[in-house]
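> So the protein lines, in turn, are chains R and A.
In terms of my numbering, the first sequence has 132 at position 132, counting the first letter as 1, and numbering is strictly consecutive.
If you want my numbering, it's the 1-based position in the second sequence plus 1000.
Keep in mind the hints are simulated off the structure, nothing from the lab.
Here the structure is a predicted model, which is why all the values come from computation and not from measurement.
Each residue gets a CB set at the ideal place from its N, CA and C atoms; glycine is no exception.
Any given hint could turn out to be false.
What the hints assert, rightly or not - If you want the footprint, here are the derived chain R segments under chain A, 3+ residues with CB under 8 Å:
| # | segment |
| --- | --- |
| 1 | 72–78 |
| 2 | 155–165 |
| 3 | 202–214 |
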Amino acid sequence: MSKAFVPFARSWLVSIAVAFAFCVLLGRLFYLHVWEHQALLEHVTSNRKMINVVEARRGNIVDSGGNLLATTRAAYNIGVDPQAIRAKDLDQLPRLAQILDQPLNELLNKVNTKVRKGGQHAKEVRLIRWAVLAKGLDESKHDAILALGIKGVYANRVFTRSYPAGQLAAHVLGYVNKEETPVTGVERFFDYYLRGQDGWRETERDGNRRELAQYREREVNPTNGLNLELTIDQMVQFIVEKEVSRLAQSYNPKGVSVIVSAPSTGAILAMANYPSYDPNEFYNTEKYPISNQRNRALTDVFEPGSTFKIVPAAAALNEGIVQPEDQFKTGLALANYKGRALRLPSDYHTYETLSMQDIVVKSSNRGAAHLGILLGEDRLHDYAAAFGFGEVTGCDLGGEVSGTLHEVGNWDGLTITRLPMGHAVSATPMQVHTAMSVIANKGILMEPLLTKRIFDSSGRDVIRYSPNAKRRVVSTEVAETVSTMLAAVVGQEGTARKASIENYNVAGKTGTTQKIVKGQYSRRHHVASFSGFFPADHPELVITVVVDEPQLLGVGYGGTVAAPAFRNIAQACIAYLGIRSSQSNASFLALKNFPYDRNRRLSN
Amino acid sequence: MNSVSIKARQRFLLIIVAIIVITVTSGFSIVWLQQQISRTAQNSKAQEANLAEMTRKLGYLDQQIATLHQPVMLQGQLTGILRASVDEQIVWVNERSVASGRAYAEAKPYQVSTDLALLGLSRAR
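Next comes chain R alone, as it looks inside the complex:
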């Protein structure tokens, strides 16, 4: 064996070169795996790892019967990638146009427009990879489009709030805008419970950004929002809104507010306003101006007028300074108060004398002024405050205003005579309603109750709301006495004959107030109102109707405009709720003697 001749220097040179190359390699390895290990690892991890947010579902809102008023649904935005459309897909386009309810030409235009220029003078063009075809489609249309199997037509799913009842109870429900921010109503006030909490997943993705589910590290399930049950009854709300529409059509008013509640609990069965809006189209400000979103029952104030007369009447009786049969000289235009002669307000009909009861029945402004003078400023103010005027009622909707009840120190010389007739005070329809509810509820002021309970997806109660009695305003006997007077208001001698219902004792008070326009009371602008309850001896419903500036020939009296609306709503509620008459021999069912005899298991 012989060794090959290798020059010593060359072999060392080559060896050193190879060794140097390996050293460079090792050095690079050391740099990547040791020196820059942390930074590179973070870079790789950030590319690989991802956190997926799992959205929580917003809770539903239902009425007292469990009917869905607000829910969350998936909406699909359909688009097309014009580059991906195949020739054979073009045959499906007419069907697609039919599903989308779009002209075929428009659809073809979008599909065939494959490039767009950056600007008029731009030289480069860009490929269009996504052209919107339709937005907000529901599940059935989405499934129909998927079934067509058109390559290049995609859907992006978004979750949107839906109100199946349309405009029904719009002001109570409010809405959630496209940024998922609740704007008004119950949606806003109870957002904490409705919203829920999103979950997330820590996972990894591949090169195409698709999730590699086997590498999920942590998974936190979303907590869906809780559901809300309102005291609103869908059918009663429908009855009220139908009547509000009739009022709007008949009188073209500036606004209408109607509230229906159960006096013993304060539970609100219906609250409706005109003009209204559809929460599903809250963005359509051309069709539904922003001002329509105002809940006038809580935000608009007006001088309550004669409906306020229950305050001095109940106050005077409660203080024991008058009896219903006491006589007052209502024919006189002046009255003496604290050594000063005060000019009394005028009456529509002037009576020489009226009993205290007739002051309420005939709605005498002078009579009410006499009651105010007897009470004095402090007591009159205190009872007005006790009835809830000048403070928010506490309705769970937010945005409520307190109205105005001036402190005694700010009264002028005539306020003592004007306040008892419902002037020099401003109130919301809700305040007038809750004041009348005091009489219906045996003298106790209840807080309006709008929410019955909050419950989870299994139906279990999370929070249950109870009626809240705020305070006793007058005694039960006084409330019953005033109730009798208010029943006479709806009788033949009263101002609210049009509110009477056959076989039912109805009690209530009309109000017709002139509005202040340019600093003066206007003869052409009125607010007509009626607030009442029935059956008078065991009240089941309190209904308040307020119509702002009804347009009709002459004055829009409460007895002419609002009282018939009360009657219509009440009659429909009697049939729906099965409210029984006070008179056992004249109920709406038992009217005849019938020979049919049931078996002995049930005794008739």
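Please arrange chain A on chain R, whose structure you already have, making use of the hints.
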């Protein structure tokens, strides 16, 4: 000494082969396990998507049902279909005072009529 050496070599070879086989098998097993895990994960993901789709569709149905059950829709379905009731269809009952107030009927525990009890005695045997 040669036989010992051959035996030792054979055992050595056997061990080497066994190591190689076990290593390769383990490697393939690990790959198979990872594939199974991946398949199960993808199935779970598909089931999650199915469940979410079913939930969405249930919610959509609930919404559709709620829309159809609106009073205005129900009334629209009845218009022109229901006619006014006639007298013969109405059963009139008299209201009377009972212990709990006014009522149309009072539920009582079922009691067998004495007529029924005596019925059998009157039959001729």
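> Now look at each hint and say whether the structure bears it out.
Hints, one by one, checked against the model:
1. With 3 residues carrying a beta carbon less than 8 Å from a beta carbon of chain A, the segment 72–78 of chain R meets the three-residue requirement, and the given coverage holds.
2. Restraint check on the segment 155–165 of chain R versus chain A: 3 residues with Cβ-Cβ distances below 8 Å, three needed, restraint holds.
3. Check result for the segment 202–214 of chain R against chain A: holds, 4 residues qualifying (beta carbon to beta carbon below 8 Å, three or more required).
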